[in-house]
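S.K.: If you read the sequences in order, they're chains A and B. Numbering-wise (numbering that gives the first Met the number 0), the first sequence opens with residue 0 and increments by one. Numbering-wise (numbering that gives the first Met the number 0), the second sequence opens with residue 0 and increments by one.
Calculated directly from the structure, the hints in this document are not laboratory data. There could be a bad hint or two in this list.
Unchecked claim - Listed below are several chain A residues computed to face chain B (Cβ distance under 8 angstroms; list not exhaustive): (1) MET123; (2) ARG126; (3) GLU159; (4) CYS177.
What the hints assert, rightly or not - To spell it out: a stretch of chain B is covered by chain A in this simulated footprint if at least three of its residues, at any positions, have a beta carbon under 8 angstroms from a beta carbon of chain A; those stretches are: (5) 18–29; (6) 61–70; (7) 161–173; (8) 207–220; (9) 230–244; (10) 258–271.
If you're wondering where the values come from, they're calculated on a predicted model, not measured in any experiment. Using N, Cα and C, we set each Cβ at its ideal position, and we do this for glycine too.
One-letter residues, chain by chain:
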Amino acid sequence: MIGIGFGIKLKVWGDYACFTRPEMKVERVSYDVITPSAARGLLEAIYWKPAIFWKIDKIHVLNPIKFDNIRRNERPGKISARDVKTALKGGDVALYQDSTADTVQRASLVLRDVCYVIEAHFEMTDRAGPDDTIEKHYNIALRRMRKGQCFHHPYFGCREFPVQFELIEGEVPVSYYCGKKDGERDLGFMLYDIDFSDEMKAVFFRACMVDGVIDVQKCLCYGGVS
Amino acid sequence: MSEIIKNRYEFVLLFDVENGNPNGDPDMGNMPRVDPQTGHGIVTDVCLKRKIRDYVDLVKSGNAGYDIYVKSGAVLNDQHKKAYDYLGINPDSKKPKEDELTKFMCQNFFDIRTFGAVMTTEINCGQVRGPVQFSFGRSIDPIFQQEVTVTRCAVTNEKDAEKGQTMGKKQIVPYGLYRAEGYISAHLAKRTEFREEDLELLWDSLINMFEHDHSAARGKMSARKLIVFKHNNELGCCQSHVLFDKVKVERLSHDLPSRSFDDYKVTISGDMPNGVELIEKL
Numbered sequence: 000m001i002g003i004g005f006g007i008k009l010k011v012w013g014d015y016a017c018f019t020r021p022e023m024k025v026e027r028v029s030y031d032v033i034t035p036s037a038a039r040g041l042l043e044a045i046y047w048k049p050a051i052f053w054k055i056d057k058i059h060v061l062n063p064i065k066f067d068n069i070r071r072n073e074r075p076g077k078i079s080a081r082d083v084k085t086a087l088k089g090g091d092v093a094l095y096q097d098s099t100a101d102t103v104q105r106a107s108l109v110l111r112d113v114c115y116v117i118e119a120h121f122e123m124t125d126r127a128g129p130d131d132t133i134e135k136h137y138n139i140a141l142r143r144m145r146k147g148q149c150f151h152h153p154y155f156g157c158r159e160f161p162v163q164f165e166l167i168e169g170e171v172p173v174s175y176y177c178g179k180k181d182g183e184r185d186l187g188f189m190l191y192d193i194d195f196s197d198e199m200k201a202v203f204f205r206a207c208m209v210d211g212v213i214d215v216q217k218c219l220c221y222g223g224v225s
Numbered sequence: 000m001s002e003i004i005k006n007r008y009e010f011v012l013l014f015d016v017e018n019g020n021p022n023g024d025p026d027m028g029n030m031p032r033v034d035p036q037t038g039h040g041i042v043t044d045v046c047l048k049r050k051i052r053d054y055v056d057l058v059k060s061g062n063a064g065y066d067i068y069v070k071s072g073a074v075l076n077d078q079h080k081k082a083y084d085y086l087g088i089n090p091d092s093k094k095p096k097e098d099e100l101t102k103f104m105c106q107n108f109f110d111i112r113t114f115g116a117v118m119t120t121e122i123n124c125g126q127v128r129g130p131v132q133f134s135f136g137r138s139i140d141p142i143f144q145q146e147v148t149v150t151r152c153a154v155t156n157e158k159d160a161e162k163g164q165t166m167g168k169k170q171i172v173p174y175g176l177y178r179a180e181g182y183i184s185a186h187l188a189k190r191t192e193f194r195e196e197d198l199e200l201l202w203d204s205l206i207n208m209f210e211h212d213h214s215a216a217r218g219k220m221s222a223r224k225l226i227v228f229k230h231n232n233e234l235g236c237c238q239s240h241v242l243f244d245k246v247k248v249e250r251l252s253h254d255l256p257s258r259s260f261d262d263y264k265v266t267i268s269g270d271m272p273n274g275v276e277l278i279e280k281l
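Produce the entire structure from the sequences given, and follow the hints as far as they go.
M.R.: In structure tokens form, the structure reads like this:
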């Protein structure tokens, strides 16, 4: 690690979200709130370079947590690499999925009307070159967020749930849960992120929400499990 | 072959349904999908993508490079070989590299180039992300779901022969104007080689997809407006919600429920942020 970048606050919102729990992913059930991993992916959709990695500090849950059920026809299979190889070599294979025969109906329990503020910073990786200054990356990220630019459009867990985003340069809006009785919640063990350096190991943490704010780094200090 | 697209786009599609079911909900006995919290009608992203695939399969059937990976209904096998010929790949070539497979699929299949696909070949979860992203379509006003009972003057089984007729149910929305929004990323287009001509085909399919999807269940569905926002670069010039807010749809009939597109007024504010071009395709 070469250095730690300055923090940003990004307000993100959308009609739907699905941060799928790994234990319930055939018929998807979302976590109650965005995972740090999804928040990182969202930031990376806006700006990322191999020289930096985003770290999520806090997640402000601005809207009440609501769920909705959606059942869709889905395709259970994946494209077989072997068939593609055969086709590439000119072999005679049926390279398609038949959407009437190869269908399963799956329900998703998704979140509705979500709005978060993500507080994050980035750290430099060992892939940073001499030109990779913290200021440079910070300013590019800020510029993109201010102008609404992105590498590809960010989404809440699944691509059909797009994210609208806005850089927060002043105060963070007050959460629905601020001062409420149910604003203090133990959200249980949640996925923190996948550790790509360690054979894609999943890291979990005990997420606690206080007044609508999840202090991710503090929760991690109380113990991450991998 | 035309160039790979170099601009970010957003688009708003307005489409309506008259006496039909735009998208049935398997959880509710095929009643039209509805947001239980607000009563607004919903059409899923995958429902719209299905229609685009079917349209492209229809107009480009047999054309090299325009095959459809996720097909519906009857499948014509011999189409595929044409796509392989198009690449002119030497059958004796060495064992293909993994990314060669992905490239091959992107070049041959319009839907993989456009929407992406999950392939077992890549290391990173094995998926290609396509440049085109859809959100759920949502009706402007809460919809009214109606169940219509119909009769059939014939029976299926011999044992029911005395009955003479059977009853069935149809689920319809008398009228609903829906709005769907979408995003096209120029950066992801680079990875799947989504070209200008593919983009044109996508616009065509958005305008015409309902014309080739008539059925007893759908009723009368049509695309009413397609508004495209073209940014003058790959990253874009402003937030997408700013652009989406430029398209306002108002209901004119306040005393009666809406029953036609004339009951709505669509206003498109022309003052675009710097670098964004407004294109009314329909």
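S.K.: Would you mind marking each hint as holding or not holding in the structure?
M.R.: Against the structure, the hints come out as follows:
1. MET123: violated, 22 angstroms
2. ARG126: The hint is violated - A:ARG126 has no Cβ within 8 angstroms of chain B, the shortest such distance being about 17 angstroms.
3. GLU159: This hint holds: A:GLU159 lies near chain B, its Cβ roughly 4 angstroms from the closest one there, short of 8 angstroms.
4. CYS177: violated, 23 angstroms
5. 18–29: holds (count 3)
6. 61–70: holds (count 5)
7. 161–173: violated (count 0)
8. 207–220: violated (count 0)
9. 230–244: Held - the stretch 230–244 of chain B has 8 residues with a Cβ nearer than 8 angstroms to chain A, which meets the minimum of three.
10. 258–271: violated (count 0)
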